[in-house]
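Student: Here are the chains, one letter per residue:
Number of protein chains: 2
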Amino acid sequence: MSSSSVNLKAVPGRLTSSYSEVQASRLDVSLPLPSVLKSSFSVVDGPKSSAAGNPEEIAKLFPNLFGQPSAVLNPGGSSVLSKDISLKIGVVLSGGQAPGGHNVISGIFDYLQQRTSGSTVYGFKGGPAGIMKGKYVELSAEFVYPYRNQGGFDMIASGRDKIETPEQFKQAEETAKTLDLDGLVVIGGDDSNTNACLLAEYFRGKNIKTRVIGCPKTIDGDLKSKEVPVSFGFDTACKLYSEMIGNVMTDARSTGKYYHFVRLMGRAASHITLECALETHPNITIIGEEVAAKKQTLKSVTDYITDIICKRSELGFNYGVILIPEGLIDFIPEVQQLIAELNEILAHDVVDEAGVWKKKLKSQSHELFEFLPPTIQEQLLLERDPHGNVQVAKIETEKMLLQMVETELDKRKQEGKYKRDFLGKTHFFGYEGRCGLPTNFDANYCYALGFGAGALLHSGKTGLISSVGNLAAPVEQWTVGGTALTSLMDVERRHGTSLLAFSPFNLG
Amino acid sequence: MSSSSVNLKAVPGRLTSSYSEVQASRLDVSLPLPSVLKSSFSVVDGPKSSAAGNPEEIAKLFPNLFGQPSAVLNPGGSSVLSKDISLKIGVVLSGGQAPGGHNVISGIFDYLQQRTSGSTVYGFKGGPAGIMKGKYVELSAEFVYPYRNQGGFDMIASGRDKIETPEQFKQAEETAKTLDLDGLVVIGGDDSNTNACLLAEYFRGKNIKTRVIGCPKTIDGDLKSKEVPVSFGFDTACKLYSEMIGNVMTDARSTGKYYHFVRLMGRAASHITLECALETHPNITIIGEEVAAKKQTLKSVTDYITDIICKRSELGFNYGVILIPEGLIDFIPEVQQLIAELNEILAHDVVDEAGVWKKKLKSQSHELFEFLPPTIQEQLLLERDPHGNVQVAKIETEKMLLQMVETELDKRKQEGKYKRDFLGKTHFFGYEGRCGLPTNFDANYCYALGFGAGALLHSGKTGLISSVGNLAAPVEQWTVGGTALTSLMDVERRHGTSLLAFSPFNLG
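Here the protein sequences come in this chain order: B and H.
Per numbering that gives the first Met the number 0, the very first residue in the first sequence carries number 0; after that it's consecutive.
Per numbering that gives the first Met the number 0, the very first residue in the second sequence carries number 0; after that it's consecutive.
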């Protein structure tokens, strides 16, 4: 496959002539650069790096990269990069969408146009699969222009494939050789950056000139470290969700009779929920990490919500908004335990209508199962993935919580502790937030990330993640550099096996 | 209750100090008025009016109002209204939220401030119940200010109660007398305006001085006639939904693998869906009225969607966005028939597990029931309202259609007619669109509606709906007047009984 690379015709999928007024107005908004990127700079190495954890194992996995320093761009200096160089750079979007991705590509493209001579940028189509299949477009100013400051990943599209097997690494190698790539920018989340690191190691180990630079992308905001203060897309997504949450809050206050249970994106981390709560001040916010730290159960979360509803009712308020992270139940140990037992039972036993099978559950799991609303019980038993496993991800957490709160309120009503007719509504704010028009912050941040990635490749770096810092200051004062990807790696132990992992909270 | 009216302390529920930048920036945006409202005008009656249908019956129901002319405001003229008059005006928000409601109230308030002396505006709290219970706040400039150009109905809140029984009319009368009301503005949809007309008739019939003026509100956009080109809120809601639909479309194109089934608000009419389709150009749009006109069945709608998915797949596109109005199944006669039969069976028979009960369904209904996804079948049988009736409104149409399309695609795949793995996602864009920041159009339109309502009351009119026209022209050229509510009324026959109804499509 990869030997027959396909250079697709570079026709933009968008017509600016059909743009809405707001899209058109965003097109020509100028993108300020950090001052270090506005004139000549030198790339200065820091001290030897280590790993986020288990350095010895990381060193074994990355013999060629481990220990390499992070780099920072300093103004002026002696090692100014030559303009008389022509680079061939590939770029790929990996995983879920995040507002600003198009600006990262614009940044890379503009850097090479301004700081090198006759360079070429290839956009791999449809994610890492585009690298393996050698499917790409050659970017031109006309091709890139319509996507400037616009949402989505549709300029070259994205995909979730990974470069994992030896054959796949070989395919990537062939594409790199066919296109004579000097560098590759991988725009992605934690998995994609782990992958970028493995690819950088592979290329260096085989003495292939292709260098690899990562860029921190994910609306979930859980890819961060001291040097990477935030991933792009988080700002836009939170603002979009907050607008909708604010609208629902106004609606709740206008009607005076509904409780809105709002589920927000973010499976491994509740950052979006927390940020939206800080922006909108809803009545109740559930944070998965807090639930885990307090070792809460589904029952205690339900009681927490129900207590507040009862207290508000006594004060005359019978409406409100409750924010819930979509990954909530992944943070509750008893749920994980129940799922594990269910998977075991469903694999080997018959689930009888009379419910005799339930005796095989341990007592805590049995109790939890009985506590779940009937629709959720059914969903757990019936909707299973191709391996026969229970599909936790399919559970609509906001609906489950609403049903459990309703049941608890009914009970309290019978006991005379609650006197109202409770009315709940559920919402999921998800996909509509991933492809919005990037905010000024994300537009500027992404452009700097891309520009910086270009500079890192220009200076010969590999195995770094583009890092733009000091983000609370005006853009001119932002710092630019690259953090050694290996310094952000750890080895996680799960079920007795070791897994290489990007350490998402390396804030040390 | 109503004899003891409660004047609530007029403290705004909002603090402008906590406003977001965009909320704050909207506060002081000046509201242009139609030129006729900017200087002196006279209110000129048109010809005697009739009814939208069944004029004889309407005449009997409204002996005091029937036939009264609509009115139009003309610049200058001889019958210029006196400024030396002090009016007591009540205002009430009725039914679901629509962006711009606060500006209608601002318009009424500002009109009376500018064109009369020492007038008072009472805001009835929580909808028509506020009138019956005599629960109100006295509006002041300070109280009204924070809500200018802002979304929501929370200034005085809304409610769905109706003034229907003789006792309730009596309560409204007592409040009108206690507050010495010269006029009442009812801001609401078709039902609320029908109610406003009945109240106007009641007051005139009893020689009570309180005049009643309606204002056309509903995001669904189905309250319109020649004189009332659109109801307020429709513009904002459609733009908000369109932004989200546009984002999902970009997401679909970026991922290249999902079909998004998007349900939009609008039960009795598909106007929102149609307008959003015109704004965003999705791949498939289902319009309820079209489905009804073509006498389509659920099966034919499913086939229509499935055919397009298959055709797109042959062209290499395996993603898309499908818009569905929430009232879709109300437009399908066979569904109505099935529901009627189910209600009958569920009221009298036992639903046995083996399904023998299904033999009681007529063959077409039986076929349709078997065609429905199992989860929808269960929902129809299990989730019933307090009267034991099937709850059609609870069916999530987008999920139902997705499941039916999945089933059909599976079938075609087995027949070799479709080769892909279909992935669908569902969305409901609803409440988050009802309370958004009003667009410039809705802000200006509502302000003119309120200002015009003030003028109509000032000139002694009753039983009219505030009508602002020529809306495609700049605001200065908008026409202002009032349309006789009785001229928009009809009598609908349902199940042998006659129902008074606002005729929503009186475009003659």
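Rather than coming from a laboratory, the hints here were simulated on the basis of the structure.
It is possible that some hints are incorrect.
[Claimed, not checked] Output of the computed footprint for chain H on chain B, the stretches with three or more beta carbons under 8 Å from beta carbons of chain H:
#	segment
1	333-346
2	428-440
[To be verified] Pair ranges (Cβ atoms, derived):
#	chain 1	residue 1	chain 2	residue 2	range
3	H	382	B	335	27 to 35 Å
4	H	472	B	306	49 to 57 Å
5	H	395	B	313	30 to 38 Å
6	H	492	B	439	56 to 64 Å
7	B	256	H	228	25 to 33 Å
8	H	166	B	294	23 to 31 Å
9	H	369	B	439	40 to 48 Å
10	B	298	H	307	19 to 27 Å
11	H	140	B	298	26 to 34 Å
12	H	204	B	21	50 to 58 Å
13	B	141	H	406	54 to 62 Å
Just so you know, these numbers come straight off a predicted model, no measurement behind them.
Idealized CB from N, CA, C, for every residue including glycine.
Student: For every hint, state whether the structure bears it out.
Tutor: A quick look at each hint next to the structure:
{"no.": "1", "hint": "333-346", "verdict": "violated (count 0)"}
{"no.": "2", "hint": "428-440", "verdict": "holds (count 7)"}
{"no.": "3", "hint": "H:382 <-> B:335: 27 to 35 Å", "verdict": "holds (31 Å)"}
{"no.": "4", "hint": "H:472 <-> B:306: 49 to 57 Å", "verdict": "holds (56 Å)"}
{"no.": "5", "hint": "H:395 <-> B:313: 30 to 38 Å", "verdict": "holds (34 Å)"}
{"no.": "6", "hint": "H:492 <-> B:439: 56 to 64 Å", "verdict": "holds (58 Å)"}
{"no.": "7", "hint": "B:256 <-> H:228: 25 to 33 Å", "verdict": "holds (32 Å)"}
{"no.": "8", "hint": "H:166 <-> B:294: 23 to 31 Å", "verdict": "violated (56 Å)"}
{"no.": "9", "hint": "H:369 <-> B:439: 40 to 48 Å", "verdict": "violated (55 Å)"}
{"no.": "10", "hint": "B:298 <-> H:307: 19 to 27 Å", "verdict": "violated (46 Å)"}
{"no.": "11", "hint": "H:140 <-> B:298: 26 to 34 Å", "verdict": "violated (51 Å)"}
{"no.": "12", "hint": "H:204 <-> B:21: 50 to 58 Å", "verdict": "holds (52 Å)"}
{"no.": "13", "hint": "B:141 <-> H:406: 54 to 62 Å", "verdict": "violated (45 Å)"}
Going down the numbered hints, you'll see the structure goes against 1, 8, 9, 10, 11, 13, while the others check out.
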